[in-house]
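Spelled out, the chains give:
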Amino acid sequence: MVETQSPVVLSVADLSVSFKQGKSAKTVVKAMSFDVLAGETLAVVGESGSGKSVMSRALLGLLPADSAHVSGQAMLSKHGEQVELLSQSDQSLRKVRGNHIAMIFQEPMTALTPVLSIGEQLMEGILTHQPLSRSEAFELAVSMLQEARIPEARKRMAQYPHQLSGGMRQRVMIAMALACRPRILIADEPTTALDVTVQAQILKLINTLKTQYNTAVMLITHDMGVVAEAADRVLVMRRGDFVEAGSVQQVFSKPKQAYTQTLLASVPKLGSSAKQPIATITENDAAVPLFDVADLCVQFDVREGLFNRVRSRVHAVEQVSLKLFPGETLALVGESGSGKSTLGRAILNLVPSCAGAIRYRGRDITGWSASMMRPLRKQIQMIFQDPFASLNPRKTVGALVEEPLKLFDICPDSERKERVAELFERVGLSADDMTRYPHQFSGGQRQRICIARAIACEPRVIVADECLSALDVTVQAQVIELLQSLQQELGISLLFISHDLAVVEQISDRVAVMYMGRIVEMGDTARVINRPQHSYTQRLLEAVPVADPTKASLLNRPLNNSEIPSPVRSIFEEIPRHNMTNIASIGEHYVADDSAAVAPSPVTEDVA
Amino acid sequence: MTTYLLQRLMSAALTVWITTLAICFLIHLVPGDPVQIMYAQSATTSPEQLEQIRHSLGLDRSIIHQYIIYMGKLLQGDMGVTIRGQQSVAELLLLRLPNTLLLTLSALTLAIAFGGVSGFIAAYKQGQWPDKVLMTGTVVGISVPPFWLGLIVLSLFSVELGWFPVAGQGLGSLVLPAVTLAACQAAVIGRIVRSTMIDVFAQDYLLTARAKGLSKPKVLLRHALRSGLIPIVSVLGMQFAYMMGGAIVIEYVFSWNGVGRLAIQAIFQRDYPLIQGFVLCFSMIVVLVSVAMDLLYAFLDPRIRQE
Numbered sequence: 131m132v133e134t135q136s137p138v139v140l141s142v143a144d145l146s147v148s149f150k151q152g153k154s155a156k157t158v159v160k161a162m163s164f165d166v167l168a169g170e171t172l173a174v175v176g177e178s179g180s181g182k183s184v185m186s187r188a189l190l191g192l193l194p195a196d197s198a199h200v201s202g203q204a205m206l207s208k209h210g211e212q213v214e215l216l217s218q219s220d221q222s223l224r225k226v227r228g229n230h231i232a233m234i235f236q237e238p239m240t241a242l243t244p245v246l247s248i249g250e251q252l253m254e255g256i257l258t259h260q261p262l263s264r265s266e267a268f269e270l271a272v273s274m275l276q277e278a279r280i281p282e283a284r285k286r287m288a289q290y291p292h293q294l295s296g297g298m299r300q301r302v303m304i305a306m307a308l309a310c311r312p313r314i315l316i317a318d319e320p321t322t323a324l325d326v327t328v329q330a331q332i333l334k335l336i337n338t339l340k341t342q343y344n345t346a347v348m349l350i351t352h353d354m355g356v357v358a359e360a361a362d363r364v365l366v367m368r369r370g371d372f373v374e375a376g377s378v379q380q381v382f383s384k385p386k387q388a389y390t391q392t393l394l395a396s397v398p399k400l401g402s403s404a405k406q407p408i409a410t411i412t413e414n415d416a417a418v419p420l421f422d423v424a425d426l427c428v429q430f431d432v433r434e435g436l437f438n439r440v441r442s443r444v445h446a447v448e449q450v451s452l453k454l455f456p457g458e459t460l461a462l463v464g465e466s467g468s469g470k471s472t473l474g475r476a477i478l479n480l481v482p483s484c485a486g487a488i489r490y491r492g493r494d495i496t497g498w499s500a501s502m503m504r505p506l507r508k509q510i511q512m513i514f515q516d517p518f519a520s521l522n523p524r525k526t527v528g529a530l531v532e533e534p535l536k537l538f539d540i541c542p543d544s545e546r547k548e549r550v551a552e553l554f555e556r557v558g559l560s561a562d563d564m565t566r567y568p569h570q571f572s573g574g575q576r577q578r579i580c581i582a583r584a585i586a587c588e589p590r591v592i593v594a595d596e597c598l599s600a601l602d603v604t605v606q607a608q609v610i611e612l613l614q615s616l617q618q619e620l621g622i623s624l625l626f627i628s629h630d631l632a633v634v635e636q637i638s639d640r641v642a643v644m645y646m647g648r649i650v651e652m653g654d655t656a657r658v659i660n661r662p663q664h665s666y667t668q669r670l671l672e673a674v675p676v677a678d679p680t681k682a683s684l685l686n687r688p689l690n691n692s693e694i695p696s697p698v699r700s701i702f703e704e705i706p707r708h709n710m711t712n713i714a715s716i717g718e719h720y721v722a723d724d725s726a727a728v729a730p731s732p733v734t735e736d737v738a
Numbered sequence: 002m003t004t005y006l007l008q009r010l011m012s013a014a015l016t017v018w019i020t021t022l023a024i025c026f027l028i029h030l031v032p033g034d035p036v037q038i039m040y041a042q043s044a045t046t047s048p049e050q051l052e053q054i055r056h057s058l059g060l061d062r063s064i065i066h067q068y069i070i071y072m073g074k075l076l077q078g079d080m081g082v083t084i085r086g087q088q089s090v091a092e093l094l095l096l097r098l099p100n101t102l103l104l105t106l107s108a109l110t111l112a113i114a115f116g117g118v119s120g121f122i123a124a125y126k127q128g129q130w131p132d133k134v135l136m137t138g139t140v141v142g143i144s145v146p147p148f149w150l151g152l153i154v155l156s157l158f159s160v161e162l163g164w165f166p167v168a169g170q171g172l173g174s175l176v177l178p179a180v181t182l183a184a185c186q187a188a189v190i191g192r193i194v195r196s197t198m199i200d201v202f203a204q205d206y207l208l209t210a211r212a213k214g215l216s217k218p219k220v221l222l223r224h225a226l227r228s229g230l231i232p233i234v235s236v237l238g239m240q241f242a243y244m245m246g247g248a249i250v251i252e253y254v255f256s257w258n259g260v261g262r263l264a265i266q267a268i269f270q271r272d273y274p275l276i277q278g279f280v281l282c283f284s285m286i287v288v289l290v291s292v293a294m295d296l297l298y299a300f301l302d303p304r305i306r307q308e
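Chains as they are written, first to last, in our numbering: chain A, 131 to 738; chain B, 2 to 308.
It should be emphasised that the hints constitute simulated quantities derived from the structure, not laboratory data. Be a bit skeptical, because a hint or two may be false.
[Unchecked claim] In silico lysine-lysine, PhoX-like type, Cα no more than 20 Å apart, as pairs:
(1) A:547 - A:536
(2) A:225 - B:126
(3) B:219 - B:126
(4) A:225 - A:285
(5) A:399 - A:150
(6) A:225 - B:217
(7) A:150 - B:126
[Unchecked claim] Chain B regions said to be covered by chain A (calculated; three or more residues, Cβ under 8 Å):
(8) 4–14
(9) 198–206
(10) 221–234
(11) 295–303
Note that the Cβ used here is the ideal one computed from N, Cα and C, for glycine as well.
Isolated chain A (complex conformation) (with noise of 0.2 Å):
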């Protein structure tokens, strides 16, 4: 893709960076050295921890000054001229900042600057670095907001961050970034907080400007899926070591480390790792479900007005059924506000739903105060995305593992510690790791203490909420066998709330898709990711970038630029009745009829 003669714009040679810590220092980056070309898009890989975030702010100065140590060379060219960066004073490298050297960051809610409208925050980067009066920046900040495919760009430019989506103030950042038309923009995971959809729309767009300006871009990323569709050439980083570069194609074919090797294996790759499902319990008509709910509704009121009359509702659920059947795992599938937390919420009771009906092992449960649903809380078990904040961190992780078992009293006291040494080593942690606080822990391990937290009072059920995302993805493939291993040993029902198709697809037996607060299409795993049916669950598969060089073609594509409708309706809106066909002539796979007639219809689909 990159010809060999584009011109080096940044060269890069023994980059160390190490932190003060007390007395001693610790070694973040290593002697790295490489080169960004013109025009080309560098992937600098790595899982967390691997020091690459850390490299690209040492390039531009942005470390404190008064605890990290940088040493070493970074040569960019500029105009024919040659600039060494590291040994440049604050002063003349804010010269360089944004001008030269562009950044983008990974949370685009919170990279914004809340009080200041997006004009002014484009233009005043274009004043510090052009010679330009105030009118012509705007037309420039304007013209930047269009390349960047904002609609609307014009009246965008008085709006504050708030009133834009995570994908519009993305682009916004994109805008701000190319105004001075660097030579490098450098990327630190600009996609990771998106969904997939939006994702795929900020890929391009990256690329499309890149080629547009000849930029050359740094693409900080974990996530393989990203690299194999972006990157023309990839450096692979760990724990601040330089592992290996090369082509993108010879990296994913011919990987020469094992780290590289092992890195790539870990990555769930969609359409190749279907589970065998548990034919078995689906189809076995008298198996009653753990949970069975439906037409399940919860909506949040929406207060606007002098008397904080609610006006409109945000339908957070709306007309969701589905069944758990004991030992299966059910994943719930969607992107960010698709309503899939707040069903796993709403089923167990801690949300409130406005109207359908929850059954537990064929008792209604709708509507149950706090202390109703206690005793059943023994069976039904959380795991969260965050395992930092789950765990209270005064608190020893054995203490955390054995408040479950005295809260509902599962083994006499004197076995009790036993117990939790016992399920330290079922999850693959030492039993003499119980008197340690949680901060001593990996994320990785952490999500292991949550698992055994979670397993200790022998639940049926296991509302896993994301608890893989916060994850690296070798750690993640641990995390996702162990699951399984528990799954199969102690019979254990899973819902898998989570955006990723590729892991829902490795850990599910069947699948539902989830869009503005609804069942889509829902289905045995394999069925509906390989032979998707809804329009959206298409469009969702369509966006999932393939770790294969080879087969990546997410920036080919044409891309649906559209936003997601906001699910906040008036309360005189009509709802129409939301009704699913099953199309498949043995086993499941039901698919939403979305031209369904405003009319509740006569027979009501009953759902899974």
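We have chain A already, so just place chain B on it with the hints.
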């Protein structure tokens, strides 16, 4: 924005109304007969005279009736007359109010200036010596009782050194009470500003601003301080209310001729109409200031302004 403003004004009006209710029933909360307590010192008052006073205060009528009369007069700006001297309460309060406002507003300005700057510096130099020194200072500021601090500065700067007058109403006499009143508030504001700015300094958007190549003052003032002001302003209104309370004691210590000193005299003399007038006046000021702070808050925060 209009809705927001109307909501604030409505809740302010409601607060003032509830205060009038409380004030009117206040007198009935006094154990025993208030009139008898008022005139307990003067043994010469005859029961007939007491009855007459009771009648003139309206205390011989039903509570509801009394409230209606009170509100009727209040809406015409009539807060009654003082028991000692038969002066108009409203006039008396209006005469003294400018002094109190001068004192509290100067103290607030000082507190915001000192607290704001030191909190900002402490946050910027977090963990380093300026932070440690300033934060130790705030602990002292918060722990020292204002009346004690007042007596100390009075004896040191006025009596011993003679730099400022011991009492009086000029600008020179304003310095010591204003500084004393500001000291504690500056410490509280300093701590709030520090913790707010530490949060703001860790935000991603400051990295964005720096990566744009903006100068340090622009990053710190335009991006950091402007965002930090929002939570800070929201507590300033409450701080002002505390300050009004503190002003009562300070005015007394420094013989500052404000409403607070008048109130203390009224309490000693059990001049109920004056106490009632004072409570209403103070609560209205606090309500007005908090409405003003809410407006400022909305002005600073586009999320509220745009609604």
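Going through the hints against the structure:
| no. | hint | verdict |
| --- | --- | --- |
| 1 | A:547 - A:536 | holds (11 Å) |
| 2 | A:225 - B:126 | violated (25 Å) |
| 3 | B:219 - B:126 | holds (18 Å) |
| 4 | A:225 - A:285 | violated (30 Å) |
| 5 | A:399 - A:150 | violated (40 Å) |
| 6 | A:225 - B:217 | holds (13 Å) |
| 7 | A:150 - B:126 | holds (17 Å) |
| 8 | 4–14 | holds (count 4) |
| 9 | 198–206 | holds (count 3) |
| 10 | 221–234 | holds (count 5) |
| 11 | 295–303 | holds (count 3) |
Of the numbered hints stated above, those contradicted by the structure are hints 2, 4 and 5, listed in ascending order.
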